[in-house]
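Next come the chains, spelled out residue by residue.
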Amino acid sequence: MNAALPVLILLSSLVPAGVTFFLAQDSHTLRNTLNLGGAVVKLGLIIWMLFAVAGGASYEASLPLAPGLVMLLRVDALALLFISLSATLWFLTTIYAIAYFGTKAELSRFFGFFSLCVAATTGLALSGSLISFFIFFELLTLSTWPLVAHKQDKPSLSAARVYLAYALPGSAALLWAIIWLESATGPVLFTEPPDLSALDPGALRGIFALFIIGVGVKAALVPLHGWLPADMAAPAPVSALLHAVAVVKAGAFGVVRVIYDVFGASNVAALGVGEPLAILASVTIVWGSVRALQQDEIKKRLAFSTVSQVSYIVLGAALASPLAMIGGLVHLIHQGLMKITMFFCAGIYDERAGVRKITELNGMGARMPWTSVCFSLGAMGMIGLPPLAGFVSKFYLGLGGLEAGAPWVLGVLVASTLLNAAYFLPLLYRLWFLPAAEDARGDERAPALVVPAVVTATAALGVGLLAASPISPLGWATLIVAREYGP
Amino acid sequence: MTALVIVLALPLAGALAVIALPVRAAVPVALSATALTALSALVLAASVWQGGPVTLMVGGWQPPLGIALQADGLAAALIVMSALVVGAVAMAAWFEMAAARAGPRAAFGFWPLMLLLWGALNAVYVSRDLFNLYVGLELLSLAAVALVAISGTAQALVAALRYMIFALAGSLLYLAGVVLVYAGHGTLDIGLLSARSPAPGDALALGLMTAGLLAKTALFPFHVWLPPAHASAPAPASALLSALVPKASFLILIRLWFEAMPELASTAALLMLAGLGAIAVIWGGVLALVQSRLKLIVAYSTVAQLGYMFLVFPLAGGDGSAQPWAAGAWTGAMFQALSHGLAKAAMFLVAGICIAAVGSDRLGDLRGLARALPMTGFAFALAAITLMGLPPSGGFTAKYLLMTSAFAAGQWPWALVLAGGGLLAAAYLYRPLAALFTRDARLPVHPVARAWQGVPLALAALAVLLGLLSAAPFDLLQIGRPEPAVEGL
Amino acid sequence: MSLTVFAMTGASLVGLGIYGLLALPQLLRRIISFNLIGSGLFLFLGAAGARGEAVDAVPQALIITGIVVALAASALAVGLVVALARRSGLVVLPDEANPR
Amino acid sequence: MVTDLATYALTGLGLVFFWAGTIGLIRFPDTFSRLHALTKADNLGLGFIALGLAFQADGWATLAMLALIWMLALLAAGTVAQLVARAALSPPEEDEE
Amino acid sequence: MSLALDLALCGLILCVALGAVVGRGVFRSVIFFITYGLLLAIGWARLGAKDVALAEAAIGAGLTGVLLLTAHGRLRRMSVERAPRVGPNPMAATTGIAVALALGWAWFALPAPTAPDLAAALPLTGMGNPVTGVLLHFRAWDTLLESIVLLAALLGVWMLARDVDWHAPLGLRYHARPGGVLASFGRLLPPIGLSFGSYLVWAGADGTGGAFQGGTVLAAVVLVAMMAGVLPPPRVAQGGLRAALVVGPGVFLLSGLLAVALGMGFLTLPPAVAKPATLIIEVALTVSIAVTLAVLVIGPPDDKEPVR
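Chains as they are written, first to last, in our numbering: chain G, 1 to 487; chain W, 1 to 489; chain Z, 1 to 100; chain Y, 1 to 97; chain P, 1 to 308.
Take the hints with a grain of salt, since some may be wrong.
A few chain Y residues that face chain P, going by a derived Cβ cut-off under 8 Å, partial list only [unchecked claim]:
{"#": "1", "residue": "L74"}
{"#": "2", "residue": "T79"}
{"#": "3", "residue": "Q82"}
{"#": "4", "residue": "V84"}
Far from chain W, by Cβ distances over 10 Å, these chain P residues were calculated [stated by the list, open to error]:
{"#": "5", "residue": "C15"}
{"#": "6", "residue": "I42"}
{"#": "7", "residue": "M78"}
{"#": "8", "residue": "H175"}
{"#": "9", "residue": "L188"}
{"#": "10", "residue": "A243"}
Hints were generated in silico from the structure; no laboratory data involved. Every residue, glycine too, gets a C-beta built ideally from N, C-alpha and C.
Could you build all of it, start to finish, from the sequences and the hints given here?
Set out below in structure tokens:
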């Protein structure tokens, strides 16, 4: 039982965070090497752990704070799935951010909070008990606030305030639910779901609702999604990291944990709370897509698309069937890859061509071919065209829906696919088929920006094409569902 | 044992030396006395950690005649916290209360008053004799009023006067209780009182003493004197006043209600105390929302944060003390006392630095200060996290323990107060945070020494560390508790 | 019996002092009321101490300590009142200057 | 027995003087005449009472103490009377409140 | 017979106290307060607590009275706005009556007196007077803290000075006519007062008296000397003054620490050396108390006439 590895993984982003805070503004090389080094070390550790876990080893590290308050880091397949996603994407986003910012001001503070945020995400993924999940969940909120408010101007500060205004009440609800549950069942560990016999079904439903509100804020479920579009005022790497990897996925991951490790799929079905959650997720999917249609800014449209896409995962988790679960989990990875690609491209358009509005995208394909190809791949993946990643997850979600006896899920999927097409195809049409305006400029002479986008685009493509192989996210997700939460 | 004597005697001796010695020797003597006492505080905590409560019969006389002093886990934890806060305040005062900046009078008066306040605090933490607590409280109040009056402005004098009136009224009510206890039982020692059969006048005595101590702890109806007093005192002084002084009278309340006369704790009285605490949390928070000066926001936040500690009474007091969750609630309240002390002192020192940098602590003038003073901004953020009770800070551990006990005891409204209070704290602390972090700085910023900025940062980091490494303080607090913690919740 | 008389006097002095403290805005009078409450309490304690056959010495020591502490507090309070009067020309707390 | 009689007589006489002094204090029109009444009558009254008590004294120490008390009272009364008179010469302020 | 005397005395005390609270002028209520203090001293004598009677007369009536008188004098000269006339306040009256009744009820509900017996422990302290025994031996920690409370109050009063006056002599300028009555009184009284005060301190060990009562008498003498212009008012910067302030608590504290160094408990005085050690402590305390009380009553450093 090697306790060092999870702590090492956590430290690999905590240490760079701690050191970077105190670096002077102009020591760029030291800061960049520190952060990139941390990312590489984390990736290496995770890959090494992948092989070890495949070989049957298990890792656990615990730090007792007070009786009943134990910080537990435990590696299970679900945790591995999420930290591998966050590690790879963090590595790429760091490269992208270094290029994106160049020598702008306040970078030490940015990269400090940047790695702190990823440390929180890793801790959240690795946490083995409900209370350590909550502690990292809170740390994530605190470390993302300065990132959103990085530019320190009026819009980004108000965006940060809106973010806190949603996040803090959410975390209060989450804490309330945790304590309400733990006061009856004692400390909840994810190793074995607690016996919920001590609480009556009404209380349990209340607790479940509070849990969903708590994590739902970050998973951007409909009534609680207001902060996501507002956060577009943040710089591109932040919105990329926030919406593809850290915050939003943490929320979805939380929903999965709550449903499968705290309550257990059978209890969720027994309590009959799975159905309303699925409906809520579906409403979010449709509502997100409709709102995305009405946006004229690229990043706003992507934000609303994220709101709807994350609810696929929630939908997958809510439908108490293994296939839906696989669809949800695999979408966690796919959506991460596709969405980060599109945010990278949006950032490149903004940085290199000064383009923010969709109307200004005319003829961009000719001038910035690489970015536009990646953007199109991402968009088509989102729509769910067959060979790409999006299709795989939607396919499994549909099967899961049928298996769970909820045929209306198919309707939702079809509707959302059409809506996705409706709000992404015009962009592609403008990119490739409309002539560019005369004064349009734009070049791709920043390889450090374009390469990460290309890498994530090819990964999104590869994940879709090679879905059948065991090491692909799909294979992995089926392994998780089979081993952890068997039908 | 000698560590306890040094902790009690050295601050007083230091104060006397500082008064007697020529002015230029004052600061070095004061700083060395502070360092030595802080060291012996740690040694005391270590000896309490290993050998259990340290008792000392002053002059060798047994309690009914003599005065017994006892440093149990709670007293040791509070002594260490006070040592850390006073140490930090001393370092900050080395910059802020220097004669060049604060004038010869304030520079002469601050150091002895700080040391006297510290001596009185340590005396009150460990004393087991009710009248000795009265004299300790009086010394504490006089030193505190003098520290408020040091800044010399008109509203400081008014604040000091109002503080004086409340403190005197509180002391006299407490004295009335002590008189009744002595008349009834012939002894003033807490240990002996708990052993004796209750006399009819005890309820009245406890009521009078509690009323007096509530006035000195500035709980809700009696809180009017605290914000102006803590806002108009110089920043290091208000750090001492807010972080430490109310804790002493709160500790006496705990000694009375949990050790001296536990059987008198009727549920109605306990609920009333916690009810006042709950109102204080809401009232302090709402008023802090509407203030426009940083020091007033932080002062009203003290009124609110003190309210949390009173939630311990219904959860762990009276017949509830035998319940399994009583230990969690009791320790949670003490964690709140410790983490609030550290965080509040850090916040007031940050306010002091802001005033030194831009000359005023109005929120409008503080805009964009974090760009010029990044460490100060970060210190304020860390302290704010502790006061909001967000993990991983000590405030969170306190809130967690109290909420879990509230749920286990089935009294969930107190958990509602804790959760709502946390959000309210987030609301009123967000305004200064946002002001510090905006970009458009209006006023020219005078340079502030980095070492000075480091002091609040260290304190705030300690408050957060208290949350991360909360296992050790948790066990220290259990030593010498009337009913040692039942393992687990 | 005479001890009861002194005790009752002490109690009524405390009551009188509390009336003075709450009702009188003039600060010097408030300080006088504080001293009245203090000495009333000590009279009560003294009478209680004298109930036994030998006069109990401990209350006397407490009372002497109390008197000295009361003097110290009164001195600081008086100093504050004079300083406030010199600074702002008020002999009452500002918010009580015009009784509502 | 005769000592008790002497004590009663002398203290009674002392009381009469005190009574006279008080009447003077109340009845006399201005400050100066009142000062006369107070210093003269009361000090004499105190002297007689001290004398009366001297008979009860059980040793030289108490006698010396009584004499010291009376002498100090005289000294204080004389000085204070002078000061009050001098203060009364300057224009009287209105009696506030 | 003595009951009638007690009743009369208590009635007088209550009337004078009532006068002090509801009397028309502030000067009038201060004078009533002083007479109240003296009557209370007689009351203490009636209760058999001679030490307390002395303390009440010296500190309660004497010094507090002087404090209030000087303060009232300065307020009158400062042309301060008059305090608003306030009618009877029913809420305050009910609170006062309630507390008084509660204490009264508590008196009758008191169980049998259980005073701790000093007889066994007193001889160990070498003190004849039990009160001094309690003050300086059994509750030595209280007395030490109390002497430091005086010092804290003094520091507080000094902090009320204006920055510009900080280096000026303490208190107002008293200008007694050189050959006048007050000047001669100021020269005549000190020798008597000094001897009486030191006698009080010396007698405290076995009879009535003690450091606090003696110290207060000496303080009064110092005050009279300063008011008579015989003794120039000191300045904060004078080392002698500050040393005198600190010597009392300092010696007391050091003796306590010395006892720890010698292996005994904190503030322990071994019976063999108890009497002389107590005397040394008492003398040091008296010096400090006398200087502290005198300087406390004089007030903070003050240069010019109060200008507003």
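Hint check results:
no.: 1; hint: L74; in the structure: violated, 12 Å
no.: 2; hint: T79; in the structure: holds, 4 Å
no.: 3; hint: Q82; in the structure: holds, 4 Å
no.: 4; hint: V84; in the structure: violated, 11 Å
no.: 5; hint: C15; in the structure: holds, 23 Å
no.: 6; hint: I42; in the structure: holds, 21 Å
no.: 7; hint: M78; in the structure: holds, 14 Å
no.: 8; hint: H175; in the structure: holds, 26 Å
no.: 9; hint: L188; in the structure: holds, 33 Å
no.: 10; hint: A243; in the structure: violated, 5 Å
When held up to the earlier numbered hints, the structure conflicts with 1, 4, 10 and fits the remainder.
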